[in-house]
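2 protein chains.
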Amino acid sequence: MNNSTHWRNQIVTIDDRGRQALASAAALAVNSLQRPPLGPRSQLSPQQIHELIWSREICTEEGENLASVLEDFGESVWAHSLIPSDPFAVAHLHPPTLLPSVVTDLTVSASNQTMDSWDQSPAATEVELHLMSWLANQIGFSSIGSGVMTSGGTASNVLAMTLARSNSAAKSGHDVLKAGLPESAHRWRILCSDQAHFSIQRAAAQLGLGRDAVILVPTNESGAMDLAALDVTRKKVKSDGLEIIAIVATAGTTDIGAVDPLDDIGLRAREDEAWFHVDAAVAGAFLLSHQLRGQLKGIESADSVTIDFHKLWWQPFNSSALVLRDQSDFDLLRVTSDYLDRGDELDGMINLVGRSLDTSRRFDAAKVVATLRTLGRAALGEMVERVVEIAHYAASSIEADPVLYLVAPSSSVMCVFSARDASNDDLRRVQQQLLARGEMVLGRTIIKGQPALKFTFMNPLSSEDDVDKLIGSVKKELAL
Amino acid sequence: MNNSTHWRNQIVTIDDRGRQALASAAALAVNSLQRPPLGPRSQLSPQQIHELIWSREICTEEGENLASVLEDFGESVWAHSLIPSDPFAVAHLHPPTLLPSVVTDLTVSASNQTMDSWDQSPAATEVELHLMSWLANQIGFSSIGSGVMTSGGTASNVLAMTLARSNSAAKSGHDVLKAGLPESAHRWRILCSDQAHFSIQRAAAQLGLGRDAVILVPTNESGAMDLAALDVTRKKVKSDGLEIIAIVATAGTTDIGAVDPLDDIGLRAREDEAWFHVDAAVAGAFLLSHQLRGQLKGIESADSVTIDFHKLWWQPFNSSALVLRDQSDFDLLRVTSDYLDRGDELDGMINLVGRSLDTSRRFDAAKVVATLRTLGRAALGEMVERVVEIAHYAASSIEADPVLYLVAPSSSVMCVFSARDASNDDLRRVQQQLLARGEMVLGRTIIKGQPALKFTFMNPLSSEDDVDKLIGSVKKELAL
Numbered sequence: 030m031n032n033s034t035h036w037r038n039q040i041v042t043i044d045d046r047g048r049q050a051l052a053s054a055a056a057l058a059v060n061s062l063q064r065p066p067l068g069p070r071s072q073l074s075p076q077q078i079h080e081l082i083w084s085r086e087i088c089t090e091e092g093e094n095l096a097s098v099l100e101d102f103g104e105s106v107w108a109h110s111l112i113p114s115d116p117f118a119v120a121h122l123h124p125p126t127l128l129p130s131v132v133t134d135l136t137v138s139a140s141n142q143t144m145d146s147w148d149q150s151p152a153a154t155e156v157e158l159h160l161m162s163w164l165a166n167q168i169g170f171s172s173i174g175s176g177v178m179t180s181g182g183t184a185s186n187v188l189a190m191t192l193a194r195s196n197s198a199a200k201s202g203h204d205v206l207k208a209g210l211p212e213s214a215h216r217w218r219i220l221c222s223d224q225a226h227f228s229i230q231r232a233a234a235q236l237g238l239g240r241d242a243v244i245l246v247p248t249n250e251s252g253a254m255d256l257a258a259l260d261v262t263r264k265k266v267k268s269d270g271l272e273i274i275a276i277v278a279t280a281g282t283t284d285i286g287a288v289d290p291l292d293d294i295g296l297r298a299r300e301d302e303a304w305f306h307v308d309a310a311v312a313g314a315f316l317l318s319h320q321l322r323g324q325l326k327g328i329e330s331a332d333s334v335t336i337d338f339h340k341l342w343w344q345p346f347n348s349s350a351l352v353l354r355d356q357s358d359f360d361l362l363r364v365t366s367d368y369l370d371r372g373d374e375l376d377g378m379i380n381l382v383g384r385s386l387d388t389s390r391r392f393d394a395a396k397v398v399a400t401l402r403t404l405g406r407a408a409l410g411e412m413v414e415r416v417v418e419i420a421h422y423a424a425s426s427i428e429a430d431p432v433l434y435l436v437a438p439s440s441s442v443m444c445v446f447s448a449r450d451a452s453n454d455d456l457r458r459v460q461q462q463l464l465a466r467g468e469m470v471l472g473r474t475i476i477k478g479q480p481a482l483k484f485t486f487m488n489p490l491s492s493e494d495d496v497d498k499l500i501g502s503v504k505k506e507l508a509l
Numbered sequence: 030m031n032n033s034t035h036w037r038n039q040i041v042t043i044d045d046r047g048r049q050a051l052a053s054a055a056a057l058a059v060n061s062l063q064r065p066p067l068g069p070r071s072q073l074s075p076q077q078i079h080e081l082i083w084s085r086e087i088c089t090e091e092g093e094n095l096a097s098v099l100e101d102f103g104e105s106v107w108a109h110s111l112i113p114s115d116p117f118a119v120a121h122l123h124p125p126t127l128l129p130s131v132v133t134d135l136t137v138s139a140s141n142q143t144m145d146s147w148d149q150s151p152a153a154t155e156v157e158l159h160l161m162s163w164l165a166n167q168i169g170f171s172s173i174g175s176g177v178m179t180s181g182g183t184a185s186n187v188l189a190m191t192l193a194r195s196n197s198a199a200k201s202g203h204d205v206l207k208a209g210l211p212e213s214a215h216r217w218r219i220l221c222s223d224q225a226h227f228s229i230q231r232a233a234a235q236l237g238l239g240r241d242a243v244i245l246v247p248t249n250e251s252g253a254m255d256l257a258a259l260d261v262t263r264k265k266v267k268s269d270g271l272e273i274i275a276i277v278a279t280a281g282t283t284d285i286g287a288v289d290p291l292d293d294i295g296l297r298a299r300e301d302e303a304w305f306h307v308d309a310a311v312a313g314a315f316l317l318s319h320q321l322r323g324q325l326k327g328i329e330s331a332d333s334v335t336i337d338f339h340k341l342w343w344q345p346f347n348s349s350a351l352v353l354r355d356q357s358d359f360d361l362l363r364v365t366s367d368y369l370d371r372g373d374e375l376d377g378m379i380n381l382v383g384r385s386l387d388t389s390r391r392f393d394a395a396k397v398v399a400t401l402r403t404l405g406r407a408a409l410g411e412m413v414e415r416v417v418e419i420a421h422y423a424a425s426s427i428e429a430d431p432v433l434y435l436v437a438p439s440s441s442v443m444c445v446f447s448a449r450d451a452s453n454d455d456l457r458r459v460q461q462q463l464l465a466r467g468e469m470v471l472g473r474t475i476i477k478g479q480p481a482l483k484f485t486f487m488n489p490l491s492s493e494d495d496v497d498k499l500i501g502s503v504k505k506e507l508a509l
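Chains as they are written, first to last, in the numbering used here: chain A, 30 to 509; chain B, 30 to 509.
Excised from the complex, chain A in its bound form:
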């Protein structure tokens, strides 16, 4: 085939011919989606998958027919992928997705807006701002609240800590983004619980403060930050001549879903004049449920909030947000650019690059908005309540079991558990064997020094019967 004809037909255009070509190719792609016949992943070993994937040539001189590429992708890639909608995929905060989000994501790729400047995303910029304003309102922020979409909870937390660092430096008139860390920065500390996500430490590492600048406050038996311990820590930090630049509360810890006492922590952050960040990557979705949102009391006192749409809002990766109580705090970040964000744009042309650590950025707000509009609050709230209910059922079953026991209480969609007389090696063997055979993708972690297995329930289609089977499979494997 003539090269020129070959590539001309592959460029996506928004006209009758283009839409028709896209619709045909999309149908082929959907048809290529395969899954293993049984269980959440295929039985192939890592080595077999490696050989299968690496046996394909990535780029021949002349290319191949799109239909055969897609078909082969189905056989070699999708058939050996994890199926997040399988009831036996219970390792991580890794959701199945929703139709409105997935098909809107298709149009996002086709129209390919980029969120850094208004002239690359006119309507998309307003969609993101509208969504961020809605989310700020759900959190309980006033009309000056707004946010920005990021690539994930880690990026949202890094952005929050970046703002906290600038905020702290600005108090002494120091522009940390321009001049670097001041001498006093070695005294800066970030406080979070010992169950906070590791991205808080990664953020400190990234920012030049180092992981050691993060002080882990002990948690109580339910996995939430212990307020008495927080006060002891605060007192100690101050008497050591150190400065608390941020206090991070977690709403939904990674391993057990615990929610820190947000309002009490917020009061203390205010007292210390520290940035108050709430990492609600996990439990932010509780905002959708009348039944659960009371657990987030105090979230409205935060300076910034992380919410991951690619967790309990069932969005495809990537889809996270950092929401600020006062959007003018984004000024702590903004640097003008000669080609992208000059500051002399026409009225109303907002360049979101000023809010972001990214430059080019996918229009990830679209799929979230399409989902919220289609499903509505009641259905999404019910989905969140349903996965919490499943986790409670699993926790009750484990509590009633003669062999298994809960390592920590279950407060959102996870259950961490172990078995009487089981060693760390036993738990590792159970998790690894079930994974190796493709029967179950099970979580494994360590809670305050104690090894544990973990179920994470992200699929509201899972049934109590599925939970019984999960527990049965784990017990069978333990006994082997």
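Think of the hints as simulated: they come from the structure by calculation, not from any bench. There may be inaccurate statements among the hints.
Intra- or inter-copy, both count: the list cannot distinguish identical chains.
Here are the simulated EDC-like pairs of lysine to aspartate or glutamate, each with C-alpha atoms no more than 20 Å apart in a straight line [unchecked claim]:
(1) Lys-477 / Asp-367
(2) Lys-477 / Asp-454
(3) Lys-326 / Glu-93
(4) Lys-267 / Asp-358
(5) Lys-477 / Asp-373
(6) Lys-207 / Asp-223
(7) Lys-326 / Asp-292
(8) Lys-264 / Glu-302
(9) Lys-265 / Asp-376
(10) Lys-207 / Asp-241
(11) Lys-477 / Glu-329
(12) Lys-264 / Asp-454
(13) Lys-504 / Glu-329
On the provided structure of chain A, position chain B as indicated by the hints.
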């Protein structure tokens, strides 16, 4: 409608019913894609777009029918978006996309792998590793070269500078990620040209070094780093008792597409024991062309290379890579995690979180691989050559024009130009009026203090006739 029935039908499953539902919804979504009747964007003002978008309710209690949501999205969002395939969309490095990438991205959303751990992306992990290995090979790295996908050129550059910082600290046995910046860090400097992308300065800001730690080396008249100036800078830095931790060369500057002399810069970086990073976000695609790849001579001496697939590889956002000459350098970054990357996984189960600053991460390699396999090298190379050819045609036309003149030579896909006797305000008016009326989305920048208009040619379907029309429209607007 009963809530439960409503949401149950919206969850994407990989079975006959699920594929059928997805195919129908995808067809509706494709059909919703609209574009303004004339020009690269609609004629609506920012205020009108704001009112249009914000008049929709984001989340009602009961939701809406998916078909009407998609249709309304078409009318309110897509019809007022930028059309990157329009020949009059010439402001930024913002490409139209390709069928294989767009439809594969649909399956990526549906299957929703996440790249942080093998058990969330078994085959996908190998696809990314395979692609990174291929790309390392194209760069000219040996078999120990590999990389990681990131969300964009900025993220790739930040990751490269993070590695450079750790590398420098490690020389004196300092673990900067753990302990924070050492006292000596205020003497650390990063060298790049005055035409390098602003993300190098943003990286230094993020890392706690500050933008002031970046020294901008003057460029010659073709926009490439001046080697004599580099040597003067190096000498001065050393005599000031400062330490060069990284030298960044640019392959394809943002405004004029200039390529720095990579091999000569690489030799100097080696001499200074500094990290050598090549930001080839723009010109990395020259690897695809026999005719153009010679311009990248010396890229194989880099420690790290940024390549943006969402530029001249025509991928939807986000799609970038950082490729290392020696993948063991990722160890500078790796931190084990109790729940995600324990270090006791089964043989061959690689957790890519160890290479990344992200945790959850979309399977962006899929669309790139589907594109490379379908198009093949020859067609993609021809596409790259074609957009360079269009830019050369535009540059020649501007040079021959009695009113317009080039502000700098054109070396890849951009043309920066001005008009005799035109003030900065004139240029701003031209760009803003054409944008306001939706006729042309034109670039505007400042080259070494001189304001300029900018064409960026990203669409190989554009013709010489389109270029004539672009120039004609600009001249007409200038004369008003």
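Results for each hint:
1. Lys-477 / Asp-367: So Lys-477 and Asp-367 pass the 20 Å test across copies only (11 Å; inside, 50 Å).
2. Lys-477 / Asp-454: For Lys-477 and Asp-454, only the intra-copy Cα distance (17 Å) is at most 20 Å; the inter-copy one is 63 Å.
3. Lys-326 / Glu-93: Intra 56 Å, inter 30 Å, cutoff 20 Å: neither.
4. Lys-267 / Asp-358: neither (26 Å within a copy, 38 Å between copies)
5. Lys-477 / Asp-373: Only across copies: Lys-477 and Asp-373 sit 19 Å apart there, 54 Å inside one copy, limit 20 Å.
6. Lys-207 / Asp-223: between (32 Å within a copy, 17 Å between copies)
7. Lys-326 / Asp-292: The answer is within: 6 Å in one copy meets 20 Å, while 59 Å across copies does not.
8. Lys-264 / Glu-302: For Lys-264 and Glu-302, only the intra-copy Cα distance (14 Å) is at most 20 Å; the inter-copy one is 45 Å.
9. Lys-265 / Asp-376: So Lys-265 and Asp-376 fail the 20 Å test inside a copy (50 Å) and across (45 Å) alike.
10. Lys-207 / Asp-241: between (24 Å within a copy, 6 Å between copies)
11. Lys-477 / Glu-329: This pair counts as neither: shortest intra-copy Cα distance 30 Å, inter-copy 46 Å.
12. Lys-264 / Asp-454: Neither: 40 Å inside a copy, 57 Å across copies.
13. Lys-504 / Glu-329: Neither. Shortest intra-copy (43 Å) and inter-copy (53 Å) distances fail the 20 Å Cα cut-off.
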